Amino acid sequence: MEKIFQKLALSSASLVFILLVGIFITLYITAKPAIDEFGFNFITNSDWNKDVALESAPTTELTDSDDAMILDEDDIMLEDEDDMMLDDEDDISTKTIYGGLVPIVGTLLTTLIALAFSLPIAMGIAVFLAEIAPKNISNVVGVAIELLAAIPSIIFGMWGLYYFAPIIADLFGGYQVSLLTAGLVLGVMILPFMAAITRDSMNTTPAVLKESAYALGATKFEVIKDIIFPYSKVGIIGSIILALGRALGETMAVAFLIGSIFVLPSKITDPTISIPVAMANNFGEASGLGESALFYLALILFIISFAIISIAKFYFLKRAN
Amino acid sequence: MRLLINKIFLGLSIFSALIGLAFLAWILTTLFIKGLGSFHFGLFLNDLIDGGLRNLIVGQFILAGIASLIGIPLGMAAGIYIQEYGRGRYADIIRDLSDIMMSAPSIVIGAFVYAVIVVPTGGTSGFAGAIALSIMMIPVVINTTDNMLSLVPRELREAGIALGASKYKVIIDIVIKAAKVGIMTGILLAFARIIGETAPLLFTSETSNYFSLDLTESFPSLTVSIYDLANEPEEASRDLAWAASFILTVLVLIINLSGRFITRNKK
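Quick mapping for you: the protein sequence lines, in order, are chains L and U. Just add 3 to the spot in the first sequence (first one is 1) and you have the working numbering. Just add 187 to the spot in the second sequence (first one is 1) and you have the working numbering.
What the hints contain is simulated information worked out from the structure, not anything from laboratory work. Warning: the hint list may mix true and false statements.
[Stated by the list, open to error] Here are the simulated lysine-lysine pairs, BS3-like style, with alpha carbons at most 27 Å apart:
1) L/K228 <-> L/K316
2) L/K223 <-> L/K236
3) L/K236 <-> L/K138
4) U/K364 <-> L/K236
5) U/K356 <-> L/K6
6) L/K10 <-> U/K354
7) L/K98 <-> L/K53
8) L/K228 <-> U/K194
9) L/K6 <-> U/K364
10) L/K213 <-> L/K223
11) U/K354 <-> L/K138
12) U/K194 <-> L/K10
13) L/K213 <-> L/K236
14) L/K138 <-> L/K223
15) L/K35 <-> L/K6
16) U/K367 <-> U/K354
17) L/K98 <-> L/K35
18) L/K223 <-> L/K98
19) L/K6 <-> U/K354
20) L/K6 <-> U/K367
21) U/K364 <-> L/K213
22) U/K364 <-> L/K10
23) U/K354 <-> L/K223
24) U/K354 <-> U/K364
25) U/K356 <-> U/K367
26) L/K53 <-> L/K236
27) L/K35 <-> L/K138
28) U/K194 <-> L/K6
29) L/K228 <-> L/K138
Quick caveat, the model's predicted, so the values are computed rather than measured.
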């Protein structure tokens, strides 16, 4: 009995490992056709689901460097048009190409906007909860902020689309669905998360340090700036990176607000698309190479967030403890 | 001057807290006004095909319930391993991987389940949706179990062993009992989190307009239907989406708050 129980516990623990490795391998296998087809140029190509006429030996160009690739493509298109005019005997077929640049850029930009918006507010909230508010107020506000974190992301999306975005569009011009509105709503979403971990980091500052500073006549601001921030710096940076990892993978709130078009934004108020949203909206209809390209995007997202979370966990949060 | 800077800084900090609270209040009032406006008890009696939400609410609970049936035992067993049996690096690695998995993008987990379950079985199913949710839940349960068991004093375990109980008896009868409240809170919070999830369900369970208990077919999901309804052009669909959002949020907040309430009462 003892043995069985121990084995069960061990296999459940190993399941975590198997799942993570399984996710990675599955994504790689399903993305394989797209990886073989587009290679790393996938990351720099901004055309999604675009039919181009190609000569029937395109794979040699795909191994070239990034810049060459883009140029080559234009060349090929021109050549092919010429070919079609000149000799029809050549074996010419159209094929669909997929590039991941637009969703990758969209993901990174929305995350950056979210971070820029929520960082100062989250720090303010954390300082308020940890240092300024009396205990009972801090508790109530703390629970309220955590409730904000409990609200399902789809609710943020609907509220954002129908109530928040119109106001932002009035203030900054441009479309209601855009990088800016998606990023800001994403910022509101990660706000409580970031504030909570930052507060916890700040609370680890020993009271003796703070009291000695106060005894020397320091103001609250000086104590926070010179004692608490330096002391909890590593933990705070860890919490920011963790929030970043969360923002990268957020789907539903962004899906309502980003506009979901595969076009590179030229302004912050332009609509575009992010990796999770590209997956959410196109998975149903996709098949073959298109589906594989979506899995390629998923793999990229998984690797980025895996790397970011690992950095936060192993480097910053470990050192904070 | 120093005092002035101090005042400005404290003011800004309080202002940030007010911004945070304002967002919460704004979202909740929006939900109450829009949601209550289109709320009526007929929503609980009819299925989506007849303009109600009954099948969706039941479906969402079944999906989250099955996910819990899978995720809670596995997560607790893994947490017990890490805390009670694991010695050395392997347990540490599992703990770190579980933390990473907790922050993995939910849509990627949906894509994973799509590839390993939906494609081989030939279509979306309630079963696939529940699996996707359970994968979201396992790391959260591991984390709670791990943390709560670590708070149980060593002496309790030693007392049990000294009485001649075997290790698994000590774990089940003493350690888990001592940490019960904390673990239950964590599980409730985890449940509140997965019941509001949309992204992992989009292409695993999808949703259905009809009442269904058949887990091998597309399964009704409240969150996925909210997403579909909110994007429909008709006003009526969007009103229904608001009513559904209102119900979902109230459910999630009640579960979340009751989780906190249990711990507070015990303390």
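Here's how the hints hold up against the structure:
1. L/K228 <-> L/K316: holds, 25 Å
2. L/K223 <-> L/K236: holds, 17 Å
3. L/K236 <-> L/K138: Since the Cα atoms of L/K236 and L/K138 sit roughly 23 Å apart, the hinted pair holds (cutoff 27 Å).
4. U/K364 <-> L/K236: Given that 27 Å is the threshold and the Cα spacing comes to 38 Å, the pair is violated.
5. U/K356 <-> L/K6: Holds, at about 12 Å.
6. L/K10 <-> U/K354: Between L/K10 and U/K354 the Cα gap is close to 13 Å, so the pair holds against 27 Å.
7. L/K98 <-> L/K53: It holds: about 8 Å lies between the C-alpha atoms, which stays within 27 Å.
8. L/K228 <-> U/K194: Distance of about 14 Å is within 27 Å: holds.
9. L/K6 <-> U/K364: holds, 21 Å
10. L/K213 <-> L/K223: holds, 9 Å
11. U/K354 <-> L/K138: violated, 41 Å
12. U/K194 <-> L/K10: violated, 60 Å
13. L/K213 <-> L/K236: Holds, at about 15 Å.
14. L/K138 <-> L/K223: Between L/K138 and L/K223 the Cα gap is close to 17 Å, so the pair holds against 27 Å.
15. L/K35 <-> L/K6: violated, 41 Å
16. U/K367 <-> U/K354: holds, 18 Å
17. L/K98 <-> L/K35: holds, 18 Å
18. L/K223 <-> L/K98: Violated, at about 65 Å.
19. L/K6 <-> U/K354: holds, 10 Å
20. L/K6 <-> U/K367: holds, 24 Å
21. U/K364 <-> L/K213: violated, 39 Å
22. U/K364 <-> L/K10: holds, 21 Å
23. U/K354 <-> L/K223: Outside the cut-off at roughly 51 Å; violated.
24. U/K354 <-> U/K364: holds, 14 Å
25. U/K356 <-> U/K367: Cα-Cα ~15 Å, so holds.
26. L/K53 <-> L/K236: violated, 47 Å
27. L/K35 <-> L/K138: Status violated; Cα separation ~55 Å.
28. U/K194 <-> L/K6: Roughly 63 Å between the alpha carbons, so the hint for U/K194 and L/K6 is violated.
29. L/K228 <-> L/K138: holds, 21 Å
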